[in-house]
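Peer 1: In order, the protein sequence lines correspond to chains A and B. Heads up, the first sequence is in the numbering used here, so the first residue is 1 and it goes up one at a time. Heads up, the second sequence is in the numbering used here, so the first residue is 259 and it goes up one at a time.
Hints listed in this document are in silico derivations from the structure and should not be mistaken for laboratory results. Just so you know, not all the hints are guaranteed correct.
Unchecked claim - List time: in silico DSS-like cross-link candidates among lysine-lysine, alpha-carbon distance up to 25 Å:
| hint | chain 1 | residue 1 | chain 2 | residue 2 |
| --- | --- | --- | --- | --- |
| 1 | B | 494 | B | 424 |
| 2 | A | 37 | B | 360 |
| 3 | B | 377 | A | 159 |
| 4 | A | 144 | B | 562 |
| 5 | B | 364 | A | 252 |
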Amino acid sequence: MAVKKKPKLAVWKFASCDGCQLSLLDCEDELLAVADKVAIAYFLEASRAVEKGPYDISLVEGSITTQHDAERIQKIRKISKVLITIGACATAGGIQSLRNFKDIKEFVSIVYASPEYIETLAKSTSIASHVPVDFELQGCPINKRQLLEVLSAFLYGRKPNTPAYSVCIECKRRGTVCVMVAQGIPCLGPVTHAGCNAICPAYNRGCYSCYGPMETPNTASLSSWFGRLGVKEENLVRSFRSFYGSAEPFRKESETHE
Amino acid sequence: MMAPSSENKEHFVLEREYFQKLLDTLIQRGYRVVGPTVGEGAIVYTKLNSVADLPIGWTDEQDGGAYRLKKRDDQSLFGYVVGPQSWKKFLLPSALRLWQAKRVGKSFQIIPEDEKSQKFAFVGVRSCDMHAIAIQDKIFMNGQYGDSHYKSRRADAFILAVNCGKAGGTCFCVSMNTGPKTTFGFDLAMTEVLEGNRHYFVAETGTELGAEILHTTPHKKANKEEIFYADDVIKKTAGQMGRSMDTTDIKNLLYKNYEHPRWDNVAERCLACANCTLVCPTCFCTTVEDVTDLTGEHAERWRKLDSCFTMDFSYIHGGSVRSSTKARYRQWMTHKIATWIDQFGTSGCVGCGRCITWCPVAIDITEEARAIRESEPNLKRETAEGAEKTTHNHKEGI
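One chain only, chain A, in its complex shape:
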């Protein structure tokens, strides 16, 4: 039998904490299976050994925050057959997109000893706002099982099972009792994209929406219910302005409470 050439995988980093890339390394038990099916051609977090492009699959972590990165992502798009963004930064600008609500110059002057050396863009933006993206995997950080699912799906040409419905469906499927109804704990689960298997409610906490908006988020209705549970306006702003603060539905909702 002819030896089929393994597809080449590249992992790219932009403005991010590296947590999503680590999810790939975190696969541990499955990592050998991954390496068996794809050639890990470019993954600086794991190895200095670099194979030249083009690449069959590029995983992109991080958001665009500098002019240099805005140019770099164009090149990566050109040398990638399939481009998959991983995590909140790459898909929605991430925590660092909190800058989008303020004046970046003020941040720079406070944070850096020599602000004159800093060249940065006014906003932190998603990869999809710069280049076409083939698939977006949500989460801060992404879930390794979902990452393996997406890789498997792309390898075998099927649609990944990463549903965009609410976290509530995951809670109910695993038999977790609703923390909001049974305990009055404010929970963003009803407006949040599934994928984490409802881990916070399972540990008796409300969802913080680290997977971002679900497919049809009714943030206004949930906000008004949060108000009845005693959440103050300023905390509503904070609730929606965290991991996915710059995702459109959450940005709009946080602004209505400012």
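Starting from the known structure of chain A, arrange chain B on it as the hints suggest.
Peer 2: Just chain B, lined up with the frame of chain A:
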């Protein structure tokens, strides 16, 4: 409701101290005994080993979007109503692997699931849930949608029904003719009575098996007074319903109102989170997911509970048929209490109130129905004049 008169049927009394014996018998006979217990701040269904696992002395307070456990001032075993889970947890599990496949050369081989027959004993089935099981039986036991997984779990299930000793804040079984007294489907049905210093159960047998199980436990024939107390418990419960729904000609009411402004109003509140459908004891929709692993040597097909509130649910190539929340809520409610009648011969709503309690923003199906009805003055008048009042007809028996 065909309320069988208590005088015609034989009633027995089982003292509280012998309830454990009843559970022991079921366990000894190989049943997986499941029933209510306290867990995560609510009453949930789980495996029971002893009476002590039951929520002794607990009750629940329920309203739209709110559920709280409270202590009772007695030691009753069943002094609460229904919680977030229903028996579909066991009969229609939320995730079920249907089969696996492995690659063999250029072909593949299907590995069927080893469906172990599960002999469940359901302890504490309420009348609304008995109706819900009967509705799902209708769909899955036979006919076009007959389902072997459901059948194998349902066929040998022993049902120990408990008539409700209180109604919850979101209960409306009286409106739906589905309770609070269980009238069919059970092997054994009991009413818990706490009267003075006595704590006992007045039992009815529904099947020979039920009688056989009861006879393994010390019991006696109930006297008139005991039967009176038991009937009184049910009567009081029926008078305590937290919600009500006027079902008069409800099918045509909804059929006439597809474009009612109330649908826009509810869509503003609805989160499309799917909680209502997942807690509903009759909602049965599932999806099928195929997964492959990295090696490409192994594939699995899973069936998972789904909901008509997701975008994928009505996705037909190119897009979702019901893309707005308005369309999805209207579809759910209209199916539940109107089109279901044409489809299956009964209403799909059993008045258990779960969708009201467990909606994170307290959307109330009885309120939504009322709002539509109130905009129909003619229909309201017909009700007052005592027009035909049974559009849904929850059948006795299965």
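Peer 1: Now tell me if each hint is right for this structure.
Peer 2: How the hints compare with the structure:
1. Restraint check for residue 494/B and residue 424/B: satisfied, since their Cα atoms lie roughly 8 Å apart, inside the 25 Å limit.
2. For the hint linking residue 37/A to residue 360/B, the alpha-carbon distance of about 17 Å falls within 25 Å, and the restraint holds.
3. Restraint check for residue 377/B and residue 159/A: not satisfied, since their Cα atoms lie roughly 37 Å apart, outside the 25 Å limit.
4. This hinted pair checks out: residue 144/A and residue 562/B have alpha carbons roughly 21 Å apart, not beyond 25 Å.
5. Note on residue 364/B and residue 252/A: the hinted pairing is violated, with a Cα-Cα distance of about 53 Å set against a maximum of 25 Å.
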